[in-house]
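K.L.:
Residues per chain are reported as follows:
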Amino acid sequence: MSTCCKLSFEQGGMNKELANFFKGLLEKDIVHALLVPVSTSTGMVRQTLVRSQDKLDTIDPFAPVVPVNGAKLVSSITAHPSGKKLGVLLRSCEMRALVELVKLKQADLSNVLLIGMDCYGRFENQNFTKVRGEGQTSEAFLASARQGTTAAGETDVAGACAICEFPSTDNVDLHLSLMGAEPGEMYIQGISDKGDQVLKILGLQTAKIPAKRTTVLEALIKERTKNRDQVLGAYRETTGSIPALSDYLSSCVNCYNCRVACPVCYCKECVFLTDTFRYTGDQFMDRSLFTGALTMPADTLFYHLTRISHIGTSCVGCGQCTSACPNGIDLMPIFRSAAEKIQERFDYQAGRSLEEPQPLSVFFDNEFTDVTGQVK
Amino acid sequence: MSEFEPKIVAFFCNWCTFTAADLAGTSRLSYPHNLKIIRVMCSGMVDPKYVLKAFLNGADGVLIGGCWPGDCHYINGNLKARRRVAMLTEVLRAYGIDEQRFWLRWIAASDGNMLQKIAKDMTEKLRAMGPSAVHAAQIAG
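If you read the sequences in order, they're chains U and A. The first sequence runs contiguously to residue 376 in this note's numbering. The second sequence runs contiguously to residue 141 in this note's numbering.
Honestly, I wouldn't trust all of these hints.
Unchecked claim - Between beta-carbon pairs, the in silico distance windows are:
| id | chain 1 | residue 1 | chain 2 | residue 2 | range |
| --- | --- | --- | --- | --- | --- |
| 1 | A | D98 | U | G12 | 50 to 60 Å |
| 2 | A | M129 | U | E223 | 37 to 47 Å |
| 3 | A | R127 | U | S353 | 45 to 55 Å |
| 4 | A | P131 | U | G233 | 25 to 35 Å |
Please keep in mind that the hints were generated in silico from the structure rather than gathered at the bench. Think of the CB as a built atom: it goes at the ideal place given N, C-alpha and C, for glycine as much as any other residue.
For reference, chain U alone in the conformation it holds in the complex (with noise of 0.2 Å):
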């Protein structure tokens, strides 16, 4: 639980330390694939499942972009187990989305290694792009969010980024540490006993990890913390009734991009796609009655409340829901505002445990007797 372990690498060689690094994890058999960030040749980073060393060489882990929540990508890979060991580097958002699946049963870690990673955000996927080539490397991101500036020129990171209180990723087994280390050095700490017995057959140099870790990751929450209950206070104050949230989501065209970016959208199917929505002509001319006028496609109030009262227990603000939205509406503190309330009713966090069963999974005889406010 306490082995941790130093990479060191000139200005421009963080990508190559770190390839070695993965290629050691597939040299030494301790997995057969990793799922990891591998730049392509437009310069864009996607998750890759790599099965050779050599594929490794354009790895890079810290570029600030996230173009597919990874819990949904691990969630991919091992709902049907293939027997075969995996490891996949997962940022905070990612990993607390990927606890969720497991509780769900739509992800199995029987054999996987998980990795976190320090995380100050990523750019939208167009951003990342732009930036990229604009000439922006993954260090220079790194170099200025240690700063603490991470915008670069005018474009900076997603909006769920800018307001996420979890830097570092929890619940894994071992995790690539930035924060707090010296330009030129990253650490690589155990955090469960399979990543120590990791660290150990790699047989990379041991260190201590530098105190000051602590200091700069608290004051990096209590920012961000900050930006939270700013950016959630100001969306609740504006959008506290019905017709507000309806003038709020007034662009949208029922493409539900949303639920598919989504992480925890758990449905197999979703019911929105079914017959129950499929209405007959009457019934739009009686919906239409009703209130003079029906926007359409209609509905849309109706999924978006449906989709809180679904991911409501399980969000971790990853915003992915306002990446993929086509027409900018930002979706994300629609979710996040509606989990935090109902996560804390719950006295439940989305993520933070494998053993906190879902609040709606359990029940139990004498609680939440405020509901009825009956007493017998």
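Put chain A on the given structure of chain U with help from the hints.
P.N.:
Coordinates of chain A only, in the frame set by chain U:
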């Protein structure tokens, strides 16, 4: 102008609350006609979507009636309903539909009087509160 009459969608469990409504009827206990009763097999089968749909389509209140804890015909459906209602209350409250409009109550099969009382209480409360804000706008469904 006539007095505002709230529309209340009531989901009553077949075994307790609906039976209590039946009993109230046969006992000639009258209760407000504002309640539009939908009989369900258990309070535990009231999907949050039913409640959302009711509010979005103009209900001023939603009442879910179930058996007292320990009396559920399906052993624990009502306990599941209670957690679900707690969750949904948080969602609705954030958008201006608070606990006063959304009730879960335990009403035993033998308690027609309780049914009458709760129906009257809820109707009076909503009458005083006025229409739900959903009426105020053209809602995108």
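K.L.:
Compare the structure with each hint and give your call.
P.N.:
We went through each hint and held it up to the structure:
1. A:D98 with U:G12: 50 to 60 Å: This hint holds: roughly 58 Å between Cβ atoms.
2. A:M129 with U:E223: 37 to 47 Å: holds (41 Å)
3. A:R127 with U:S353: 45 to 55 Å: Since the Cβ atoms of R127 of chain A and S353 of chain U sit about 47 Å apart, the hinted range of 45 to 55 Å holds.
4. A:P131 with U:G233: 25 to 35 Å: holds (28 Å)
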